[in-house]
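*Asks:* Each chain, written out:
Number of protein chains: 2
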Amino acid sequence: MNNWFKMIYLPLFLLFTLGKAQEKLIIGEKQNVFSKVLNENREIWIHLPKTYDDNTISPAKYPVIYLLDGEINFEYYTGLTDFIARTPYADIPECIVVGIKNTERTRDLTPTKAQKKSPVNPDVILFADSGESENFVKFMQEELKPFISKNYRTQGYSVLVGHSFGGLFAISTFLSHPDYFNAYVANDPSLWWDNKIMISRAKDYLEKNKKFPAKKSLYVSQADNEEQQKNWNSDMTQAIEEFKGIIEKNGSLNYKHSFFGGETHGTVSYPGNYESLKFIFKGFRSDIKQLAKNPKLLEDDYKKFSEKMGAEFTPSEAYLNVVIKFMKSNGFKESETYFTNLKDLYYSKK
Amino acid sequence: MNNWFKMIYLPLFLLFTLGKAQEKLIIGEKQNVFSKVLNENREIWIHLPKTYDDNTISPAKYPVIYLLDGEINFEYYTGLTDFIARTPYADIPECIVVGIKNTERTRDLTPTKAQKKSPVNPDVILFADSGESENFVKFMQEELKPFISKNYRTQGYSVLVGHSFGGLFAISTFLSHPDYFNAYVANDPSLWWDNKIMISRAKDYLEKNKKFPAKKSLYVSQADNEEQQKNWNSDMTQAIEEFKGIIEKNGSLNYKHSFFGGETHGTVSYPGNYESLKFIFKGFRSDIKQLAKNPKLLEDDYKKFSEKMGAEFTPSEAYLNVVIKFMKSNGFKESETYFTNLKDLYYSKK
Numbered sequence: 008m009n010n011w012f013k014m015i016y017l018p019l020f021l022l023f024t025l026g027k028a029q030e031k032l033i034i035g036e037k038q039n040v041f042s043k044v045l046n047e048n049r050e051i052w053i054h055l056p057k058t059y060d061d062n063t064i065s066p067a068k069y070p071v072i073y074l075l076d077g078e079i080n081f082e083y084y085t086g087l088t089d090f091i092a093r094t095p096y097a098d099i100p101e102c103i104v105v106g107i108k109n110t111e112r113t114r115d116l117t118p119t120k121a122q123k124k125s126p127v128n129p130d131v132i133l134f135a136d137s138g139e140s141e142n143f144v145k146f147m148q149e150e151l152k153p154f155i156s157k158n159y160r161t162q163g164y165s166v167l168v169g170h171s172f173g174g175l176f177a178i179s180t181f182l183s184h185p186d187y188f189n190a191y192v193a194n195d196p197s198l199w200w201d202n203k204i205m206i207s208r209a210k211d212y213l214e215k216n217k218k219f220p221a222k223k224s225l226y227v228s229q230a231d232n233e234e235q236q237k238n239w240n241s242d243m244t245q246a247i248e249e250f251k252g253i254i255e256k257n258g259s260l261n262y263k264h265s266f267f268g269g270e271t272h273g274t275v276s277y278p279g280n281y282e283s284l285k286f287i288f289k290g291f292r293s294d295i296k297q298l299a300k301n302p303k304l305l306e307d308d309y310k311k312f313s314e315k316m317g318a319e320f321t322p323s324e325a326y327l328n329v330v331i332k333f334m335k336s337n338g339f340k341e342s343e344t345y346f347t348n349l350k351d352l353y354y355s356k357k
Numbered sequence: 008m009n010n011w012f013k014m015i016y017l018p019l020f021l022l023f024t025l026g027k028a029q030e031k032l033i034i035g036e037k038q039n040v041f042s043k044v045l046n047e048n049r050e051i052w053i054h055l056p057k058t059y060d061d062n063t064i065s066p067a068k069y070p071v072i073y074l075l076d077g078e079i080n081f082e083y084y085t086g087l088t089d090f091i092a093r094t095p096y097a098d099i100p101e102c103i104v105v106g107i108k109n110t111e112r113t114r115d116l117t118p119t120k121a122q123k124k125s126p127v128n129p130d131v132i133l134f135a136d137s138g139e140s141e142n143f144v145k146f147m148q149e150e151l152k153p154f155i156s157k158n159y160r161t162q163g164y165s166v167l168v169g170h171s172f173g174g175l176f177a178i179s180t181f182l183s184h185p186d187y188f189n190a191y192v193a194n195d196p197s198l199w200w201d202n203k204i205m206i207s208r209a210k211d212y213l214e215k216n217k218k219f220p221a222k223k224s225l226y227v228s229q230a231d232n233e234e235q236q237k238n239w240n241s242d243m244t245q246a247i248e249e250f251k252g253i254i255e256k257n258g259s260l261n262y263k264h265s266f267f268g269g270e271t272h273g274t275v276s277y278p279g280n281y282e283s284l285k286f287i288f289k290g291f292r293s294d295i296k297q298l299a300k301n302p303k304l305l306e307d308d309y310k311k312f313s314e315k316m317g318a319e320f321t322p323s324e325a326y327l328n329v330v331i332k333f334m335k336s337n338g339f340k341e342s343e344t345y346f347t348n349l350k351d352l353y354y355s356k357k
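In the order they appear, the protein sequences are chains A and B.
First residue of the first sequence? That's 8 in the working numbering, and the numbers climb one at a time after it.
First residue of the second sequence? That's 8 in the working numbering, and the numbers climb one at a time after it.
Derived by calculation from the structure, the hints in this document are not laboratory data.
All of these numbers come straight from a predicted model, not from anything done at the bench.
You may find that some hints are simply not true.
In this list, chains with the same sequence are indistinguishable; a pair is considered to hold if it fits within one copy or across any two.
[Stated by the list, open to error] When the alpha-carbon atoms are kept at most 25 Å apart in a straight line, the in silico SDA-like pairs for lysine to any residue are as follows:
1) Lys-285 <-> Gly-268
2) Lys-124 <-> Ser-336
3) Lys-350 <-> Pro-278
4) Lys-285 <-> Phe-266
5) Lys-123 <-> Thr-94
6) Lys-335 <-> Ser-125
7) Lys-332 <-> Arg-112
8) Lys-218 <-> Arg-292
9) Lys-215 <-> Thr-94
10) Lys-123 <-> Ile-295
11) Lys-289 <-> Asn-232
12) Lys-31 <-> Glu-78
13) Lys-335 <-> Gln-122
14) Lys-210 <-> Glu-248
15) Lys-300 <-> His-272
16) Lys-223 <-> Gln-148
17) Lys-37 <-> Asp-89
18) Lys-57 <-> Glu-111
19) Lys-332 <-> Val-127
20) Lys-315 <-> Ser-183
21) Lys-285 <-> His-264
22) Lys-300 <-> Asp-130
23) Lys-210 <-> Thr-94
24) Lys-123 <-> Tyr-96
25) Lys-285 <-> Ser-265
26) Lys-285 <-> Glu-78
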């Protein structure tokens, strides 16, 4: 009797719990990746864009954004990418976001072994476990990126996003492995690290290579100087400005620096990440009303955009459906036919 | 045999599905509220802050943000509130966010019955179903707010957030029912509606009441004028500026207008919502380093803040725990004792 009860009760209980679970608002899934390089398990948070599982369109591929400090930034960041990728006025293509949760943050994100006295209490020595970012880059390049490409439909364009030590890591990776990502975002990067070692490395890079690589993007945001100096250290500000001076002299790189007067070190990532995406994907946005009169414009726009990005981008099937619907409902018959044919050309299911 | 199989198989299947569901990243839950006022079912998206279910602290109460166009804004908005409410440098208190999904958007958000020719095709008449916002306000005030207060731990401070028609709705509600919410946010509000009827209503309000109510906040954001004129209509811009002129003359209201040069009508909510929260909760942020030297500052800060807000705010238990930990780990013994006593005073579980 007791067993019978359990057998009936358990499924009912699970159905109830599951019923509640289906009412949850879900923005992603957790994956566990065991890293041989780091000899530990890493928790990875994956956000897939709105159209990823839309079975009315052909399976699409998406650029990938690798987001450091995943546990802090993942929620607003994935909301942001979906928000500004909305059609018909998308500012960026839909993206997969891969948030990386920290285990030993200082170990992973700093390029050299260095220490610092606590600004609050000089008896406390900070960052004793620093200096293994090269290992962490190796994990990303040799283990994480292949895992993502194998399990998700990715396009060959990728972005690395970091803040503070994560920003230091993004710039360090850009200087040591500029080919690993297409775009690098560093929000208020800790360029003061180890007597401003990134300044020396940037100079070394230019001495050896003359120019920074073309068709790569680098975005740096910077928080309020005064606030910075009050709460942390002025060498943060000084180092970022010195870095800016070196980078700006070199014209080949797609580079932008934004100074946010009203932000602190802890908040600057929110506007910084927004501005960085608008900057990296500048030229992506099409004007649907222009397309009504001149449908060929779309392919021209994408050709120019792909050229600038150094990677091929084509109009998504989801976007073409929006364009076709717009032309139809507003009576632009010629354009409707044009885009219907264009959709067949790209996404014919023959 | 078949029945036995089902009885064993079903729970296993459910366990498996449930196991997978636990690996999802969840930001909220859906609730269905049947509205007698609107005579329809409304889907409501609820986001609870990080500490809501933390059983190491006493159950806390939270301000509530009512977010219109929930299906578009909920993800980045809930990420935003959590992000800037992080301790120790929180810019806002932790908040519950209530996203309202649209059914008949134009019907619910517009204050009067009015029509407009489509700017794309003049044969198309837009907004035929407009003019029932008074009904929608009634639903919010008499049904939704009591539902939220009954089911969640809410503090008596609430914010209404809208964009475009939602911004028009926020301003319309502020003028007709200023007592319903403590703060109103209108991103690029459609103040051109019905021959700028909100301008007349704002003038009428001032004629009758002389002043706008004190201790209420109103934030208005505005997108790039040129972009606006190219893509939509110039009367949008003109009406917002006219409204600004009327409101600014009245000193009693906690009012801010932000113009975002680089934004379009479709994107302005992202920075607008961020700036609005910083504006509404200005004065909330405490400097933990100052508290080390002068622990009494915290209560002074909260007293001033509550006074400005017209509602009582006290330091949360979660924040006091962070402060106590900070004092302890940095050797500020006196302050540690002070805040331990303060915590007992507010949150003693006797």
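*Asks:* Now tell me, hint by hint, if it's right for this structure.
*Replies:* We went through each hint and held it up to the structure:
no.	hint	in the structure
1	Lys-285 <-> Gly-268	both (19 Å within a copy, 14 Å between copies)
2	Lys-124 <-> Ser-336	between (66 Å within a copy, 14 Å between copies)
3	Lys-350 <-> Pro-278	neither (35 Å within a copy, 34 Å between copies)
4	Lys-285 <-> Phe-266	both (15 Å within a copy, 18 Å between copies)
5	Lys-123 <-> Thr-94	between (48 Å within a copy, 23 Å between copies)
6	Lys-335 <-> Ser-125	between (64 Å within a copy, 15 Å between copies)
7	Lys-332 <-> Arg-112	between (48 Å within a copy, 21 Å between copies)
8	Lys-218 <-> Arg-292	neither (29 Å within a copy, 44 Å between copies)
9	Lys-215 <-> Thr-94	neither (44 Å within a copy, 44 Å between copies)
10	Lys-123 <-> Ile-295	between (54 Å within a copy, 21 Å between copies)
11	Lys-289 <-> Asn-232	between (28 Å within a copy, 20 Å between copies)
12	Lys-31 <-> Glu-78	both (19 Å within a copy, 14 Å between copies)
13	Lys-335 <-> Gln-122	between (64 Å within a copy, 22 Å between copies)
14	Lys-210 <-> Glu-248	within (14 Å within a copy, 49 Å between copies)
15	Lys-300 <-> His-272	between (47 Å within a copy, 23 Å between copies)
16	Lys-223 <-> Gln-148	within (17 Å within a copy, 52 Å between copies)
17	Lys-37 <-> Asp-89	both (19 Å within a copy, 19 Å between copies)
18	Lys-57 <-> Glu-111	between (32 Å within a copy, 23 Å between copies)
19	Lys-332 <-> Val-127	between (60 Å within a copy, 14 Å between copies)
20	Lys-315 <-> Ser-183	within (23 Å within a copy, 51 Å between copies)
21	Lys-285 <-> His-264	both (13 Å within a copy, 23 Å between copies)
22	Lys-300 <-> Asp-130	between (70 Å within a copy, 18 Å between copies)
23	Lys-210 <-> Thr-94	neither (42 Å within a copy, 38 Å between copies)
24	Lys-123 <-> Tyr-96	between (47 Å within a copy, 22 Å between copies)
25	Lys-285 <-> Ser-265	both (12 Å within a copy, 20 Å between copies)
26	Lys-285 <-> Glu-78	both (23 Å within a copy, 22 Å between copies)
Figure legend: structure checked against the earlier numbered hints; hints not met, in rising order: 3, 8, 9 and 23.
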